[in-house]
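Our numbering applies: residue 1 is where the sequence shown begins, and numbers increase by one.
Hints were generated in silico from the structure; no laboratory data involved.
Model, not experiment: these values are computed from the prediction.
Heads up, the beta-carbon is just placed ideally off N, CA and C, and yes, glycines get one too.
No farther apart than 16 Å at their CA atoms in a straight line, the calculated lysine to aspartate or glutamate pairs in the EDC-like style are these:
(1) K334 x D283
(2) K191 x D146
(3) K38 x E80
(4) K267 x D331
(5) K157 x E80
(6) K157 x D194
(7) K94 x D118
(8) K153 x E93
(9) K251 x D14
(10) K153 x E108
(11) K78 x E54
(12) K25 x D249
(13) K219 x E172
(14) K94 x E80
(15) K38 x E380
(16) K59 x E29
(17) K38 x E67
(18) K38 x E373
(19) K152 x D118
(20) K251 x D352
(21) K94 x E114
(22) K251 x E361
(23) K251 x E10
(24) K153 x E114
(25) K246 x D214
Pair ranges (Cβ atoms, derived):
(26) L56 x D343: 32 to 38 Å
(27) V268 x V288: 17 to 23 Å
(28) Q185 x G76: 39 to 45 Å
(29) Q213 x G355: 26 to 32 Å
(30) G311 x S122: 48 to 54 Å
(31) Q281 x E380: 33 to 39 Å
(32) G311 x Q281: 20 to 26 Å
(33) E380 x S353: 23 to 29 Å
(34) E380 x K246: 35 to 41 Å
(35) A115 x K78: 23 to 29 Å
(36) P28 x R99: 25 to 31 Å
(37) S26 x D390: 21 to 27 Å
(38) E140 x V288: 56 to 62 Å
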Amino acid sequence: MDMFRRTFAEINLDHLAHNIRVLQKSFPEAPFLCPMVKANAYGHGDVQLARFLETLGIKHLGVCLIEEGLLLRNFGVKAEILVFRGFDREGAEKILQYRMTPVVTTWEQLDHLEAVADSAVSIHLKFDTGMNRLGFRPEEAQKLFDRLWQNKKIRVKALVTHLYNGEDAISENGDSATQLRAFNQAAQIFKPFDIFCHALNSAGILSLLQLNQDPNSSKTHPLRLQNWGLRPGLMIYGYNPLNDPKLVDLKPVMSLKSVVNTFRQLKVGEVVSYGGTWKAQRDSTIAVVPIGYADGYHRVLSNQAYALFNGVRVPLVGTICMDYLMLDVTDAVKGKDLSHFKDQEVILFGYDSTGAFLSPEELAGKAKSITWEMLTSVGERVPRVFVGSDANFVYENVGGE
Numbered sequence: 001m002d003m004f005r006r007t008f009a010e011i012n013l014d015h016l017a018h019n020i021r022v023l024q025k026s027f028p029e030a031p032f033l034c035p036m037v038k039a040n041a042y043g044h045g046d047v048q049l050a051r052f053l054e055t056l057g058i059k060h061l062g063v064c065l066i067e068e069g070l071l072l073r074n075f076g077v078k079a080e081i082l083v084f085r086g087f088d089r090e091g092a093e094k095i096l097q098y099r100m101t102p103v104v105t106t107w108e109q110l111d112h113l114e115a116v117a118d119s120a121v122s123i124h125l126k127f128d129t130g131m132n133r134l135g136f137r138p139e140e141a142q143k144l145f146d147r148l149w150q151n152k153k154i155r156v157k158a159l160v161t162h163l164y165n166g167e168d169a170i171s172e173n174g175d176s177a178t179q180l181r182a183f184n185q186a187a188q189i190f191k192p193f194d195i196f197c198h199a200l201n202s203a204g205i206l207s208l209l210q211l212n213q214d215p216n217s218s219k220t221h222p223l224r225l226q227n228w229g230l231r232p233g234l235m236i237y238g239y240n241p242l243n244d245p246k247l248v249d250l251k252p253v254m255s256l257k258s259v260v261n262t263f264r265q266l267k268v269g270e271v272v273s274y275g276g277t278w279k280a281q282r283d284s285t286i287a288v289v290p291i292g293y294a295d296g297y298h299r300v301l302s303n304q305a306y307a308l309f310n311g312v313r314v315p316l317v318g319t320i321c322m323d324y325l326m327l328d329v330t331d332a333v334k335g336k337d338l339s340h341f342k343d344q345e346v347i348l349f350g351y352d353s354t355g356a357f358l359s360p361e362e363l364a365g366k367a368k369s370i371t372w373e374m375l376t377s378v379g380e381r382v383p384r385v386f387v388g389s390d391a392n393f394v395y396e397n398v399g400g401e
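Working from the sequences, and respecting the hints, build out all of it.
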């Protein structure tokens, strides 16, 4: 891979495999395990990760857009692909042509599938139990059942809902508990279909794991209403939305890296970058790093964030530019010749070569954002470099459809 700028996102496939195995070992009886690879696999590279996940025994993958599913099929991904966004008549045709599974959220989508299907189509039905975004109301369950029971064009395979506050799923009286109870009532109507249900995102999955690890936990907890299918997103990429490091050992998959482009020596009173928002209070050494907001490193982090330079946390100074940011490395290079730091690696988040770690969760806090956004923001200009024992596999050229 040609990489003249040497700014890249390192994707550790061994860490991804570890996180998947944690799930597989923790929930061996789960009827459904569907890692979410939408939004370019949360910024990690959807085609490569989808192909790699198949080697780990993953049979289902989740995307938002039909276009995301088509991309995976065109690169030879064979797993069942669930499309979670709605679709029109043309979209229904594409879904069936490329053997994807629609998550149906409206009566109109049922009409589209019936109109274009030549044989029975397997679908997942989504119920809106409180998110108020997409899906049927639970009180529509009986009407849906009546339409779909013995329907020759549509076969209901599973029911779906989404937790809007999954972080409270451990509570028997929280928002998630209310949603799961309502969802379970709708599911009872569909029992003749021999369906399974999936509702648990990463926070819900980790809450269930926490429940299972507590010998004194309630046997009637809403998380125990079903043998839930699992839809992990953030956790397969190494982060725990419950912020409980003792609960489970997850390994972050992405490290955002660059190298120093050049150094600038500043005198007291000189400023850095647009607007002069940072002024040197002493003679300072500034490292110019070739990554900026056009690469997804948020401008709001100007004068707030830190990076790792030679294993040392150093402050980001001045306004982040479209293509560059600057670091105050005065203390990190003190007493050393700058030639010693030629092509010095810089970690914007993730691991450096010594194992030191800087979390995107920290950056998200400073940006008043969330970890999901930090990961998915890493842009197309940033190459993904895959490392790990099976890294060569994801670089192989494959045919598609």
